[in-house]
Amino acid sequence: MSRLQGPNSLKRKRPGSTSDSLTEHERTVHDVIQSKQDMGMSQRDMKREINLPDNLVTKCLKSLLSKNLIKEVKNIQSRGRKHFISVEFEPSTEITGGAWYVEGSLDTEYINVLKEQCWRKIYGLKVATLEGVTDAIKRSNVSQVELSKQQIEEIVKALVLDNEVMEVKSSGTGEFASIPVGKVCYKCIGKRGYGGEPKVGALASIPCGVCPQISHCTPDGIISPKTCVYYQKWLDF
Amino acid sequence: MVTHYGIKYTVNLITTHFGDLVAKVCECLLRKGPLTLRVIVRFTELTSSQVKNSLLVLIQHNCVQAFILEQSGDDGDGAKLNTQYIALFNNIIHRWRFPKFLTIVSQKLDKQCVELLEALLLHGRLTLKQMTDPAKSGQNEGNSFIIPWDDLILDAVLEAFIKLLNAHFIERCPASEPVLRKPTEEASARRRGPKSAKILKEKETLEQRVLEAAAPSKALRFLLVTQTEPADGGKDESNSSSMTPGEKRKHDALESESECGATDEQVVLWRANFEELIRRLRHKFCTENVKAHLDDGAIIVLGAMLEATRSAEKKVKTENSVPLSLNSIYEKVIKNEEGRNITFDRLRASLVQLSCPPFVKAVNESYSIDFKKIIELAQNEEVESIVLKRYGRDAYRMFRLLSNTDCLLETDKIADATFVEKKDTPKILFKLWKDDYLHMEKLQLTGVRQSQFLLWRVNKDTLREHVLDEMFHAALNLSQRVAYELEQEKELLNIPQDKRVNRLRKVRLLWESSQMKLDDAIMLFHDF
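Protein sequences, first through last, are from chains A and B.
Each residue of the first sequence is one higher than the last, beginning at 12 in our numbering.
Each residue of the second sequence is one higher than the last, beginning at 389 in our numbering.
To be clear, the hints were calculated from the coordinates, so they are not data collected in a lab.
Please read all numbers here as calculations on a predicted model, not as lab measurements.
Beta carbons: idealized from backbone N, C-alpha and C, even for Gly.
Just so you know, not all the hints are guaranteed correct.
Result set (DSSO-like, lysine-lysine): computed pairs, CA atoms no more than 30 Å apart in a straight line [stated by the list, open to error]:
1) K137/A with K82/A
2) K811/B with K168/A
3) K180/A with K811/B
Computed spacing ranges between beta-carbons, pair by pair [claimed, not checked]:
4) P230/A with L444/B: 45 to 51 Å
5) K761/B with S226/A: 39 to 45 Å
6) C795/B with T184/A: 29 to 35 Å
Work the whole structure out from these sequences, hints included.
Laid out in structure tokens, this is it:
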């Protein structure tokens, strides 16, 4: 799982071949790509900025790639289109998607493993601060790459959105006795284990509650309670 | 909140209970607002007699209130008085809840009280005489209002009546046609505001004004005055056990309200007090909701606090209970059988538990129940459950993010926070927006290159009304489907009867439990 990237700084690496061997057109293309720094650009963007025919631009790009002056990266905003960046830069998170993306896609498996591990640490601690969870995750060596406190916070906040964990403020008493008053901390919700479904509401427990067509449903219309297939299934004893 | 499907649902209810004619009159009032008899006749195209009889039925069952609105007369001939009729949406939907009201009473009082309340619910309103005199009232004249308790003596019925009255489960009926004076110039100036808000406020104000004008005074609402005849035949007035010392002037007020020489038994009508019954259901709901999150000790403490502060609540939708000190709470807790073994330390620990989530607030060593928070959390859970089941887990996370944040968020920010692919996020958000679960705004940035950003938020007030309307729609659909199933069963003669009966029974059970559960959710969004 070693696909976590470092901090988003504009790192400059030692460039490849010198620019002396470039043709005028290649230099033009290279310069415009370099000017975009860590954002890079696609061939379509280049067309807007430099007035060169497509086939010439394509040829220049091939040459620059082979000379190791530019590299191709995945842009999560337009995965089907090729995106180029000068070799001395690391692509910005706007292009890559950030720490949780690999090859332009969200690393769902890694995220889910981390979420479960964070939940287990919070469950074990009963009440946990962010620092507590971060330390526990680091000690457990769950991830091959080092995770920052901010990254752990993103995972824990996702657990809050999943309704697996709740965010509370310490009162300084009872179960919060060891935590300063007012500090944000986290507790597991209710009595269910990780991944358990929250209680189903009243409307959600009948066919109308989950029906995507409810706004089109009328008593004597084409979609109606009498003709409803969801009701048919629900009452199929 | 009277929503589109709310009206359809209530009309369906009235049709089921009272038939098409009465339902037509009721629908007219619900859709058009307060009207006079003449105008109702014109809109419904029924005869005057049909409309009058329908109104009588609706008034008898507390679904409509008559009132007289004072209006300036034409040509300087003084104020004109016209009787108008207003439909009481809340009371109509309470009709589905009668079994729940009876359950509440059965948990507090004895069987006779339950049966007496059932009679009141069944017949809408009764005098004490009608309730306690089966031999004289019903059988000979063919208008018996009393359920057949052959072996129930008069005193037992009166005792049950007084118990119900003291617990505020029943009340005096409101005045039949209160007069609403024209609002003064000053009152009108106070209500000036944006036009739409003014119209809404005026509508609410009119119904509220009618109900306030019709309501009996606080002193009389739960007061029973009886009249006994001494041996010499002259009349002597005595008070019931409900009357406390020093209420002579209230008794005089009663005399001025009732006909000369008549007593409560003869003229005063009594009915179920929906306000108290809904309050009890609200408290019950809060307790059960908290039970899902916390342990038994916390529930006992919460129950004790509810019991101690219930009578001080001025309205059903109270936001916070009256603050109680630790000692007061403890005294109440140990009075109950379940709380007898709870120590002071355990009480403190339970109160800390109840503060997270904040079901109970502590201010300066006093504790009060935060009803508003409990109800809000429950409403959020209900809506989130719909989003999860209908749109999936990614949508659920997004919805919770926007609901908790309560401000506009940009699409990519939502994608990052919820760990959803950036290219998939807009599709999910659009689906929620199209079905009115989200509000969307476009932000256009002009510069070197034009960019458009989409911003999203949850508008809680609008959403609440929308979800409530969906609930009414679903409740109506449930009723219609069950009616359809019953019709179909009659035609399925090729299926063995026992199988048909068995299936019908299962359908009915499922329908009843779903209807009750859905009605709990409707109360959560509308009544609590």
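Verification of the supplied hints:
1. At most 30 Å may separate the alpha-carbon atoms for a hinted pair to count; K137/A and K82/A exceed this at roughly 48 Å.
2. Using a Cα cut-off of 30 Å, the hinted pair K811/B and K168/A holds, with the two alpha carbons roughly 21 Å apart.
3. In summary, the hint linking K180/A to K811/B is not supported, as the alpha carbons are separated by about 35 Å, beyond the 30 Å threshold.
4. Between P230/A and L444/B the CB atoms are about 29 Å apart, so this pair departs from the stated range of 45 to 51 Å.
5. For the pair K761/B and S226/A, the beta carbons lie near 31 Å from each other, so the given range of 39 to 45 Å is not met.
6. For the hinted restraint 29 to 35 Å between C795/B and T184/A, the CB-CB distance of approximately 32 Å keeps it satisfied.
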